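Trainee: Chains Z and D, in that order, give the protein sequences.
Quick note on numbering: the first sequence equals residues 1 to 112 in this note's numbering.
Quick note on numbering: the second sequence equals residues 1001 to 1252 in this note's numbering.
Hints were generated in silico from the structure; no laboratory data involved.
The reader is advised that the hints may include incorrect statements.
Computed list of lysine-lysine pairs in BS3-like fashion (alpha-carbon distance at most 27 Å, straight line) [what the hints assert, rightly or not]: (1) D/K1079 to Z/K22; (2) Z/K76 to D/K1162; (3) Z/K80 to D/K1230; (4) D/K1079 to Z/K80; (5) D/K1162 to Z/K22; (6) D/K1029 to D/K1162; (7) D/K1029 to Z/K76; (8) Z/K76 to D/K1024.
Owing to the predicted nature of the structure, the values given are computational and were not obtained by experimental measurement.
So you can see what is in the structure, the chains are spelled out below.
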Amino acid sequence: MSHSHSSNHETVEGVIAPPQTKVIWRTFIILLIATCVEFAIAFGLPPEMKYTRISIFVVLTIFKAFYIVGEFMHLKHEVKSLIWMIIVPTGFIVWLLIALVYEGGHHPREIF
Amino acid sequence: MSDYAPSANVPSRFTWWGGSEPLKASYGKLMMWFFLLSDTFTFSALLVTYGMIRFSQPAFPGAHDDFYFATTHWPIPDKVFEAVPFLHGVSLPLVFVGIMTFILIFSSVTMVLAVEAGHRKDKAAVEKWMLWTILGGFTFLGSQAWEWTHFIHGPELSVAAKDLITGLPIEGANLVRNPYGPPAFADLFFFITGFHGTHVFSGVILNVLIFFNASMGVYQRRGHYEMVEKVGLYWHFVDLVWVFVFTFFYMV
């Protein structure tokens, strides 16, 4: 107990390093701009261009996810094998998502 | 058996039993990643359900501007979610959802700043940024409560969808019927945003615990602020899920 107390003292008296927040704010600005672009597209593009709009949304969402997971969740700076352990199962889920939504779109209407 | 004990020159706190650290990540962080992966499965299931049910229902056949609420076609999201608090009667499609997205992304930023302060063992900064994160979480939950209240209350009766049998406008949304469209629309709204909101609520509770521990000096005594990092991972995941809900439920 007394040992942990003395180590506590050291850190309190030690100089605290200045904050390194440049990357964090840059990521925030990027996410903010991406959301604003989504908004602009939602109301800027004519409703007839439905599939163009959806494709842009999907791309921007993956773009945002990349920054949140890579920078905020720090995955970009982890070991390669850990990165793959997260990305590979996620890739399979995305595959499943696309497959099931595609199948869902071709489902006979009478069932529902 | 002594082979399994951590070697003396490796700090045991960051070392898994066995003397090495798989993937150069601590046990807690790795398990948080695996939990989040399993949570991805759950949210994906909800998203698949949404896609499947939505595409199985007829879309509105006419032009975007001619849209009207009816139980026979799927509603256009920006016709449903167009209200903003204190601006009654003003049509601002998806503006409030945009504000909610901004709040959540911002609270993710303050969380990352808390983690960064934890790396420098800056106790005061960790407390400050954790407080901002908690505030952001509560603001988001409050906004969602407002959104739900507004949704349940329903639109003006003159524009509400009509009951197919009685021909009367449907007053208020619930799990059985709603004034916007097919019953499944409100069901999916309640399930998806509700499940996400429950995650936010759990996250806020965890954040409060971390803030409490940080201010009591628990992590300073422990010598590291890894708990902030682990809860931070969860909080960013909640933000990430909202990015997807925002796109696929509200925008598409």
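Trainee: Please list, smallest to largest, the hint numbers that this structure does not respect.
Mentor: 1, 2, 4, 5, 6
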